[in-house]
Structures are given as structure tokens and as C-alpha cells.
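Visitor: Each chain, written out:
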Amino acid sequence: MSEHVRLWQEGPELDGRVPPGSIENKWDDLRFSMKLVAPANRRHHHVVVVGSGLAGASVATALGEQGYRVSCFCFQDSPRRAHSVAAQGGINAAKNYRNDGDSIRRLFYDTVKGGDYRSRESNIHRLAQISTEIIDQGVAQGVPFAREYGGYLDNRSFGGVQVSRTFYARGQTGQQLLLGAYQSLTRQIAAGQVEMHVRSEMLDLIVVDGIARGIVVRNLLTGELRAVLGDAVVLATGGYSNVFFLSTNAKGCNVTAIWRAYRRGAVFANPCYTQIHPTCIPPSGSHQSKLTLMSESLRNDGRIWVPRHPGDTRSPDAVPEPDRYYFLEEKYPSFGNLVPRDVASRNAKHVVDEGMGVGPQKNGVYLDFSEAMERLGRATIEQRYGNLFDMYHSITGEDPYAVPMRIYPAVHYTMGGLWVDYQLQSNVPGLFVLGEANFSDHGANRLGASALMQGLADGYFIAPYTIGNYLAGTDRTAVTADAPEVTGTIADVRNRLSALLGIQGRRTALALHRELGHIMWEQCGMARTAESLSTARTRLQELRESFWNDLYVPGDAGSLNQNLEFAGRVADLIELGELLVLDALHREESCGGHFREESQTADGEAKRNDEEFSYVAGWTWQGEGAAPMLRREPLEFEAVRLSERSYS
Amino acid sequence: MWRSSIGKKIIMAGTGLIWIGYLLLHMYGNLKVFAGQEAFNHYAESLRTLGEPMVGHGHALLLARVVLTLTLVAHIWAAVALTRIAQQARPVGYAKFRPASGNYATVTMRWGGLALGLFILYHLAHLTWNVRVLTGAYEPGNTFDKLVVGFNNPVNVVLYLLALMAVGFHLWHGGASFFQTMGWRIAASRQWIRVLTGSLAVAIPVGFAVVPLAVAAGWVA
Amino acid sequence: MKLHLRVWRQTSAEDRGRFEDYELDDVSPDSSFLEMLDLLNEQLLEQRKMPVAFDHDCREGICGMCGLMVDGMAHGPIPGHTVCQLHMRHFKDGDRIVIEPWRVAAFPVVQDLVVDRGSFDRILQHGGFISFATGTAPEANSILIPKDRADTAMDAATCIGCGACAAACPNGSATLFTAAKVGHLGHLPQGQPERYQRVVGMVDQMDAEGFGGCTNVGACTSVCPKEIGQDFISQMNRDYRRAMLGGAGD
Numbered sequence: 015m016s017e018h019v020r021l022w023q024e025g026p027e028l029d030g031r032v033p034p035g036s037i038e039n040k041w042d043d044l045r046f047s048m049k050l051v052a053p054a055n056r057r058h059h060h061v062v063v064v065g066s067g068l069a070g071a072s073v074a075t076a077l078g079e080q081g082y083r084v085s086c087f088c089f090q091d092s093p094r095r096a097h098s099v100a101a102q103g104g105i106n107a108a109k110n111y112r113n114d115g116d117s118i119r120r121l122f123y124d125t126v127k128g129g130d131y132r133s134r135e136s137n138i139h140r141l142a143q144i145s146t147e148i149i150d151q152g153v154a155q156g157v158p159f160a161r162e163y164g165g166y167l168d169n170r171s172f173g174g175v176q177v178s179r180t181f182y183a184r185g186q187t188g189q190q191l192l193l194g195a196y197q198s199l200t201r202q203i204a205a206g207q208v209e210m211h212v213r214s215e216m217l218d219l220i221v222v223d224g225i226a227r228g229i230v231v232r233n234l235l236t237g238e239l240r241a242v243l244g245d246a247v248v249l250a251t252g253g254y255s256n257v258f259f260l261s262t263n264a265k266g267c268n269v270t271a272i273w274r275a276y277r278r279g280a281v282f283a284n285p286c287y288t289q290i291h292p293t294c295i296p297p298s299g300s301h302q303s304k305l306t307l308m309s310e311s312l313r314n315d316g317r318i319w320v321p322r323h324p325g326d327t328r329s330p331d332a333v334p335e336p337d338r339y340y341f342l343e344e345k346y347p348s349f350g351n352l353v354p355r356d357v358a359s360r361n362a363k364h365v366v367d368e369g370m371g372v373g374p375q376k377n378g379v380y381l382d383f384s385e386a387m388e389r390l391g392r393a394t395i396e397q398r399y400g401n402l403f404d405m406y407h408s409i410t411g412e413d414p415y416a417v418p419m420r421i422y423p424a425v426h427y428t429m430g431g432l433w434v435d436y437q438l439q440s441n442v443p444g445l446f447v448l449g450e451a452n453f454s455d456h457g458a459n460r461l462g463a464s465a466l467m468q469g470l471a472d473g474y475f476i477a478p479y480t481i482g483n484y485l486a487g488t489d490r491t492a493v494t495a496d497a498p499e500v501t502g503t504i505a506d507v508r509n510r511l512s513a514l515l516g517i518q519g520r521r522t523a524l525a526l527h528r529e530l531g532h533i534m535w536e537q538c539g540m541a542r543t544a545e546s547l548s549t550a551r552t553r554l555q556e557l558r559e560s561f562w563n564d565l566y567v568p569g570d571a572g573s574l575n576q577n578l579e580f581a582g583r584v585a586d587l588i589e590l591g592e593l594l595v596l597d598a599l600h601r602e603e604s605c606g607g608h609f610r611e612e613s614q615t616a617d618g619e620a621k622r623n624d625e626e627f628s629y630v631a632g633w634t635w636q637g638e639g640a641a642p643m644l645r646r647e648p649l650e651f652e653a654v655r656l657s658e659r660s661y662s
Numbered sequence: 236m237w238r239s240s241i242g243k244k245i246i247m248a249g250t251g252l253i254w255i256g257y258l259l260l261h262m263y264g265n266l267k268v269f270a271g272q273e274a275f276n277h278y279a280e281s282l283r284t285l286g287e288p289m290v291g292h293g294h295a296l297l298l299a300r301v302v303l304t305l306t307l308v309a310h311i312w313a314a315v316a317l318t319r320i321a322q323q324a325r326p327v328g329y330a331k332f333r334p335a336s337g338n339y340a341t342v343t344m345r346w347g348g349l350a351l352g353l354f355i356l357y358h359l360a361h362l363t364w365n366v367r368v369l370t371g372a373y374e375p376g377n378t379f380d381k382l383v384v385g386f387n388n389p390v391n392v393v394l395y396l397l398a399l400m401a402v403g404f405h406l407w408h409g410g411a412s413f414f415q416t417m418g419w420r421i422a423a424s425r426q427w428i429r430v431l432t433g434s435l436a437v438a439i440p441v442g443f444a445v446v447p448l449a450v451a452a453g454w455v456a
Numbered sequence: 433m434k435l436h437l438r439v440w441r442q443t444s445a446e447d448r449g450r451f452e453d454y455e456l457d458d459v460s461p462d463s464s465f466l467e468m469l470d471l472l473n474e475q476l477l478e479q480r481k482m483p484v485a486f487d488h489d490c491r492e493g494i495c496g497m498c499g500l501m502v503d504g505m506a507h508g509p510i511p512g513h514t515v516c517q518l519h520m521r522h523f524k525d526g527d528r529i530v531i532e533p534w535r536v537a538a539f540p541v542v543q544d545l546v547v548d549r550g551s552f553d554r555i556l557q558h559g560g561f562i563s564f565a566t567g568t569a570p571e572a573n574s575i576l577i578p579k580d581r582a583d584t585a586m587d588a589a590t591c592i593g594c595g596a597c598a599a600a601c602p603n604g605s606a607t608l609f610t611a612a613k614v615g616h617l618g619h620l621p622q623g624q625p626e627r628y629q630r631v632v633g634m635v636d637q638m639d640a641e642g643f644g645g646c647t648n649v650g651a652c653t654s655v656c657p658k659e660i661g662q663d664f665i666s667q668m669n670r671d672y673r674r675a676m677l678g679g680a681g682d
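Chains as they are written, first to last, in our numbering: chain A, 15 to 662; chain B, 236 to 456; chain C, 433 to 682.
Treat the hints with caution; some may be incorrect.
[To be verified] Only pairs whose alpha carbons sit at most 27 Å apart, straight line, appear in this in silico BS3-like list of lysine-lysine:
hint, chain 1, residue 1, chain 2, residue 2
1, A, K345, A, K363
2, A, K345, A, K376
3, A, K376, C, K524
4, A, K127, A, K621
5, C, K434, B, K331
6, A, K363, A, K621
7, B, K331, C, K481
8, A, K621, A, K345
9, C, K524, B, K331
10, A, K363, A, K376
11, C, K524, C, K434
12, B, K267, B, K381
13, C, K434, A, K376
14, A, K363, A, K127
15, C, K434, C, K481
In case anyone wonders, no lab produced these hints; they're calculated from the structure.
Here chain A stands alone, though its shape is the one from the complex (with noise of 0.2 Å):
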């Protein structure tokens, strides 16, 4: 580690405040031990939500149901429109309702191991605890869950896991979630608890003597700035898996929120950890600007292969099965084409960088379901896979009964992000950060269906009484507008949307966009090495200055101009790519979504190295120029046994 101190400076290390006591009995305890706001105190508190997803949208209501004044924020024209609303699959809960052996012990145990190792345990514990309340929440909001005949509600096993603990409506689970928060943050608005404010970005924090103290928004339609003061403001503003620019997440996506925090001192922990999903649909050409999902399901009948020989460029029903490669199946027997997601992931980029990808772009793999079809007849494979095949054809004007359907893996979620203590607050006081934008509860890796469940755990369940206690525990004094850190910050906002018009360069944010994704993905994407890091190190300087020399930005920054908005997210996620890549440089070792070839057991497994590194990595921005400040908050595992993976 000794060469790479000149990278970082060494800082104090973090303390997440968990509560003393029993891992069962923390979160009890501490509610118990929590201040409260007396009701009619309540609205003398304003709160600033940034973000209208489920941790966005159900924060905000809850806080508006308690009679607390509440802004939210989002920048689309409607708070239904977050990417929440993408996630398909499903949320977890330990209710267990298909008497298989669930509970709260084990889907909490099941996120540890999931996460590698890498998470707080008293957190995950908190959120399997909460698990069963968001369902009871969701079903009284109306959200039409999968039924049985008898009336009760579905359960189906996912990811990978033993029992059936998730809950799902159809392939459309976060839409239906969503709707459901934003239904209730609706009647928030409606009864004037909640002000909304759409199409409207945070482009600035405000601190003043440490303490968070309000947001700069932009008003995307007319161009104001303006500063949006409050007692507390919540970031719940989503992931960031857009600095690879392919990803499954919305075009909109981007880290500017969270990353304008720490760059105002917020610790950004983990940022390495990102999670590949591993049956998208490959690039089609250049003109590609997201990937598409498909449920992870299909690997349970269908047969990931490519030609045995690279360069092989026959049709898939001309090669013959000797000629066959079926890599999972092969090199992992007992799992086959099951093996976690990760590790399906890697053996997909192995094959295709060894010359043996399919396709007109050679960058995909085989998904066939030509033996499942024999065995099961297509009737099956219709019902059972029906909705995914149409959206596949769709997509790729491909038909998958036909011939096989060709996927790549691609970045999914990130389990980096703002660092928060126990309560989810950031180090900052008066910083909440909620959901995918907090690095809290996936470790480094998340299991699925446990991304819907986190949001709308730390939205409902936990943020309404720890901000509750953090606004009756400290004496504030009252900011107003005309205060120095407020105007200053108001103009440091200006400066910068000034700086991005003036360049007048020639290349546009779109091209430098995915200039950043072509080299987050080569050089620090699914594989990792130190040589990979140090190039990425160096091409993203390269990228940085060549973004601030030649960038056009047409247009003004007083009314609607979607380039102008689109660039300053652009500049941000660069510099997010920096941190990420020193981030995984420094943790020489792999864990769950973060694989450094380095350190892989014999039969190329992820090996951890949890001597060293079993430590949530908090990083602190200590100025342009400057060497960013690690702070570790020690990971200590009472309630679990750290062990290894094996799927071999």
C-alpha cells in the first residue's frame, strides 16, 4: 500500500454510531432513546428532500404525514417518472409465508454474505428487521402484488436464494412501488404538507459552520438559481452506474447531487463497489445509448455458450454441439449456468475477449433455449419467459424461439455512495442520504430484489424518526438568504453553469460522455488490475481537461437547455470516475462486484483479504488538485461468521 500513499491522505476514521446492545434489540432500542418533535412543533421544521424515487418519494410523505413542512425535488416533470420505477424483479421481505425457512435471521444473514462481507450488520439486521412492514405499507397503498387464488400473496424465490421471500407484481415491482409512494406523496402535495417542485436539479449543497443547511436549485425550465433553505435536507438521488454510460439505468441518472456534497465534504464511501448484471442485450452498434435488462430468470432453462473456436462466424444452428462451448456448465458443474451474478459476468467478458463473442459486434454470448424448448415444449418456455422473449424481439428484431438470444453482461446498480452512520446521516450534520445514493446496506454486492426494499426501508421506516431526533436534538440558528455561504454558494453555481457555456469547444457532452464509459469499462469495469487502474488514472486527467478545453454546450443558461444540464452531470460523473478508480485501486483485494485479478483463488475466484480490508473506504475531498483523504470505518462482524464463496 505504500506506494499509493502519495494517491490519498490518511484521515481519522469514521464512526457510524451504531447503538450499543444486541444486534436484535439496536434499532428498539435506539427509537426508544431517540428525541421527538412534539406535533405541533412540527411544522415549524422544513425539510429538503432531493429525489422522488421510493427512498425520495416515501421519505417525503412520511415526514409530510407527521406534519413536518417538506420540499421535494426532482429533475423530471413528474416525481412517477424515477428510476425506481425500472426495477423489475422484485423486493424482498422476511415474511415467510411459504413456511420454507425464512426470517429475519436469514434474509439478513443472506445480505451479509451477499454483500461479501463489506456492509455494516447492524444496518442489514435494521433493514430485514423493517422487511415485512414495507409489504403491509405497499398492500395498503393498493400496490396490486401477485396474488394467489386463494386471495393471499405470491411469493417466488430470486437471485439465487433458497426461500421465496420476494414479493412481485408482475415484471413491473418497482413501477408499482413507485406508484404507490408517489400515490401517497400525491396526497402529501395535495394537502399542502409537501411542496413539489419538478424539473428542478440540486446543483449545490449548502453548508454554513458545518451543518447542511439548504440545496441551490436550478429550475431547468427558466434557468433560475435559487437557494432552497431547510432545516435538514435528505439526498435520495439514486446511483451512478451512468460513468460507465452504457448501464441500465435511465439516460437521466447521475451522481452531480450527492457528488456536489462531497465535494462540500460529505465522506463518498466505497465508490469501487458497482454491480454488473450479467443477461442485458449487447451493444448493436455506436449509435447505442442505454442497455436494455433481462430478468435473470432466463438463466434457469437457457444454455450460455459460444463457438469453441474464436473467430468461428457461422450461424448458431450450424455449429455443431463438439464445437459447443458451454463455459458455465464446464468450469462450474454443480452451479452451471446458475452461478452468481458476478461470476457469470466475468466468464461472459473472458470468452468475448478471447475472440470467441457472437454476434455482429462479436460482444455477446449464447443464451439458447432450443434443449429447453425440446424438453419442456414451447408452450412452457411462452408462459414462462413469454413477456422477455417479445421485448427481446422487439429490441434486437431477433426472434429468441427461433434462433438463441445473444446477451452481455452490464452495470446495474452501485453500491458505493454517500457515507451515513446508523441513522443516515453523512458526516456532515443535517445530511441524510437515503437509498441507492448511500453506501449503507449492499456492501459489495447486492443481492436482488433488496434494492426496493432498502429504499423504501430507509424512506418510511427509518429516516422519519432519525431526522425527527436530529431536528429536536440541535439548537440551530435561523440561515437567511442574504448569508455569505448561501449567496456564495448561489454564485459558485453560476460560475460554473458560465464556465461550461464559455468553453466553446468542439466536442459535445454526448461524445465526451461516452469517451468516460469506454474507459470506466475497459479499464475498470468488470476486471480490474493495477495496470488497468493506472491507465484509467491517466486518460481520465486526460478526459478531465479535454472536457474543460473543447466542450460546446450551445445555448444559454436562462431557460430550458437540456445540453447545458446534460454537460454539468457529465463533468461530475469524470470526476466521480476518478475517485472510483483510486478507489478500486487502493482495495487490492476482490470483493463482490469489485474483482481485482490480483487476487483471485486458484480456480479464479474473487479472494478476499479481510486482514486488511475490512473496512468501509470514506473518501474526502480535500480541494482541486489535492489528494482526496481516506477514512475507514472498520467493519466488525458479531452476529455472522465471515466465510468464503464457493461455487465450484
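With the hints as your guide, set chains B and C onto chain A.
Guide: The following block gives chains B and C in isolation, referenced to the frame of chain A:
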């Protein structure tokens, strides 16, 4: 409620239903023409004596006319109001617009309705107000004669048949709309509604059309 | 492939707007319609012109942010698809394509192809929810819902609020959108207490926003990316009638 769009649709549905009922009775009466002059004129006279002696002479007919007039006015008022709302809902039209759905009947609902309204005026002028346009001399008080003489002019026959086509289209879409507006058209009922409204949309115009055709063909004289 | 595009350009709500013609070469048949517009915008930027503003986000047909009139058809010619999921292989080399924003008074044009659909949110603010506070929910399985009812509710709940229904309706009506939410909540036991109050509130707001009335044309369902059916409109009409004329007790 009448201020809301659905309220106006309910008015259209309710008044439309009354008119469908009226058309069926009217058609039934018209077909008496085949029973001969005496039977037909007797029927025409019975419309005036209906309900006697409990109600006065011609009062039942008057009541029917009042109800029909009021429902027609309400029907037209709602249609005009909805049309105006629709126009205000899209002040700037599309440069290129391909209707995504709808058949001839749905598309001609408004123009067809207007045409029917004009025809009703002509029809009343011809047969009720006894305005002598496009018709020859007939024996006053002899309804049968008035009808035969009227349809001896081919222009009247053509106008009448055209109007009946409009009636058919209007019933086809309007009938289905009636069930939709009342909230009775769902997957389970869709098929029989199609059969019912389709039958009405054919039966009523045909039932009416046989009379002028028969006159024109000389079978009724 | 090569395309001739005729695109609506309008700098602001106050601007009267006009069509502009563009030629676009080298469009991949595998690209989506929005990726084709990305290409157009890169070309415009190269010419140092303002790119065409259009709304989009998830680009996988679920967020409802995108929506364009493509050659006179909402979301383009392929049924059951949003315009982000429409692929250029459905067009031919040399095609002329007219691209317009949604034209509905209640969706005023903001810029180019971007419209303001806030009216949809306001309709939902008049009852498009179940009134209950976080924390009061009973155990989930204490509310039994027959599978077919849950499925019907889900059919309605799939609405993505894109606005294509109103855009394609000859009357500029938001009836299908409103009916979808009324139908979603109205089919669930949790939605019953507010069922009639909800339908009146939402329908009245739909009218107040300046949407047209329904004349049962069915264009909305034809263009709906989620293919939400006409039955929900019928059921909303029924609920509204009962709320107004009685029968709301059953």
C-alpha cells in the same frame, strides 16, 4: 353533474335511449302502411285519441312531442358542448395525424348527427307542418295519402334513404356508446352489445326504408 | 439508412413555432427512435445549432417520460411501444418522418418536443391515492384479494402516464389515463372507502384541466404503450354515474 364531461355523456345516453325507443314505435307505426290505407289512417288518428278519455284529445301526442323535443334539444346541447370542449382541448392541431382507431361510424358521429338534425326539420316540415315542398297535392287529413304522394317524388325517397343511413351509423356507434357511458360495456358484455347495437343499426333503417321503397315501387298506392 | 426529418421547433412557450427539415445519414436500423434523435442532435451541435429538445429518461418503456407524435401516430406505428422502444428497422431508407409534440391544450409545449404534463399530476392530486398514513397498515395477508381482481387492478396500474392517450384522442381527452387510476384503486378492497369520492374528484379535475370528453373512439387504447383497455373507461363512467345519481352504496 351536468357540468362534467361524463354528465353530458349520460345526458346523451339517456336522451338517445328515449329516441331509440321512439324510433322503434315510429317504425312499427310506419309498417302499418302495408295493412292498407284505412288501417294506417286509423292508426294515425289513434295517436291523437291515445289515452282518452283519461287524457284529453291529442294530449298524449302533445306530451310525446314535448318529451321528444326536450330530449332532442338536450341531446344536441350536450353534443355541441362536448364538441366545443374537444375543440378547445386541441387548439393547435397536428400537421400530420393518422387516427389510431375508430370506424366510419365513430368518425361521422358529429357530422352525421348534424345531418340527422337537419333531416328531422325537413321531415317535420314535410309531414307534420305540411309545408308543401317537393310534394304534390294530397287529400287533407289523409295521412296515408300524404305519405304516398310525398314518396312519389324520388328526391324525397333519396333524401329519406340517405337519412336512414345516417341513422344506422348513429345507432351503431351511439348504441355502443350508450352502454359504455352507462358503464355496462365490459369484456363479458362486449359481444352481445355488438350484436344488439348492430342489429338495431340495421333493423331500424331497414324497417323504415321498406316504406318509401314500397311506395316508389308502386306496391303501396 | 438516410432519413428526411420534419421536426417541430419552438424556442419557448411564447414562440409560435415552426417545422424545420433535416437530412440525416447513416442511421442504423438497430438504433431506437430516440437514438436517431441523439444522432440528429450531434449533427446539429456540429453545425453549432441548438439541438432538438425532447423528453426521455429510462429508454426502456416504463418511466413514461418520452412521447412524440411520429408521422401522426402517438409513439409511432408499432402498437404497445413507447417511442424509446421504437426501432428504426420499422422505417425504410429515404423515409420522410414528421415529428411533433403532443398537441393537447392541457399539455402546453415548453420547447420543441417537450410538453408540460403537470395536468396529469394534478388529476391524481384529486383523489388518485388511498388515504392512509405510514405505520397504520395491517398485516399484508389480512387483506385478501381474489387473483382476478388483483390482476385487473394490475392491468390498470401499468399506466405510465406518458400522455399518448390524450395526444391521440380526437377530443384531446384524458379519460383513459384517469380511468386507469380509478380502475386500479377501484378494483382493490383498499380502494373502496374512497371509491366514489375519488372518481368525482378526478373526473372534475380532468375537466377543469381542459381535456376533452370521451366519445368512445378507442384511439387511446390503440396507442397506449401498456394497451390499457376500454373497460376501465366504462367502469369509471359507471362509478361516476353511481356517485352522482345514486347506487354508490353497492
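Visitor: The structure should be examined with respect to each hint, and the outcome stated for every one.
Guide: Each hint tested on the structure:
1. For the proposed pair K345 (chain A) and K363 (chain A), the alpha carbon gap of about 15 Å is at most 27 Å, so the pair holds.
2. Distance check on the hinted pair: K345 (chain A) and K376 (chain A) sit about 22 Å apart at the alpha-carbon level, within 27 Å; holds.
3. Of the pairs offered as hints, the one joining K376 (chain A) and K524 (chain C) holds, with about 26 Å between alpha carbons and a cut-off of 27 Å not exceeded.
4. Between the alpha carbons of K127 (chain A) and K621 (chain A) the distance comes to roughly 14 Å, so the proposed pair stays at or under 27 Å and holds.
5. The hinted pair formed by K434 (chain C) and K331 (chain B) meets the criterion: a straight-line CA distance of about 21 Å does not exceed 27 Å.
6. With a C-alpha separation of about 19 Å, the suggested pair K363 (chain A) and K621 (chain A) falls inside the 27 Å cut-off, and the hint holds.
7. With a C-alpha separation of about 26 Å, the suggested pair K331 (chain B) and K481 (chain C) falls inside the 27 Å cut-off, and the hint holds.
8. Our distance criterion of 27 Å between C-alpha atoms is met by K621 (chain A) and K345 (chain A), whose separation comes to about 18 Å.
9. Restraint check for K524 (chain C) and K331 (chain B): satisfied, since their Cα atoms lie roughly 19 Å apart, inside the 27 Å limit.
10. Our distance criterion of 27 Å between C-alpha atoms is met by K363 (chain A) and K376 (chain A), whose separation comes to about 11 Å.
11. At most 27 Å may separate the alpha-carbon atoms for a hinted pair to count; K524 (chain C) and K434 (chain C) meet this at roughly 8 Å.
12. Straight-line distance between C-alpha atoms of K267 (chain B) and K381 (chain B) comes to about 15 Å, which keeps the hinted pair within the 27 Å bound.
13. Distance hint between K434 (chain C) and K376 (chain A) is fulfilled; the C-alpha atoms sit about 25 Å from each other, no more than 27 Å.
14. Under the criterion of a C-alpha separation no larger than 27 Å, the hint pairing K363 (chain A) with K127 (chain A) is consistent with the structure, at around 24 Å.
15. Using a Cα cut-off of 27 Å, the hinted pair K434 (chain C) and K481 (chain C) holds, with the two alpha carbons roughly 21 Å apart.
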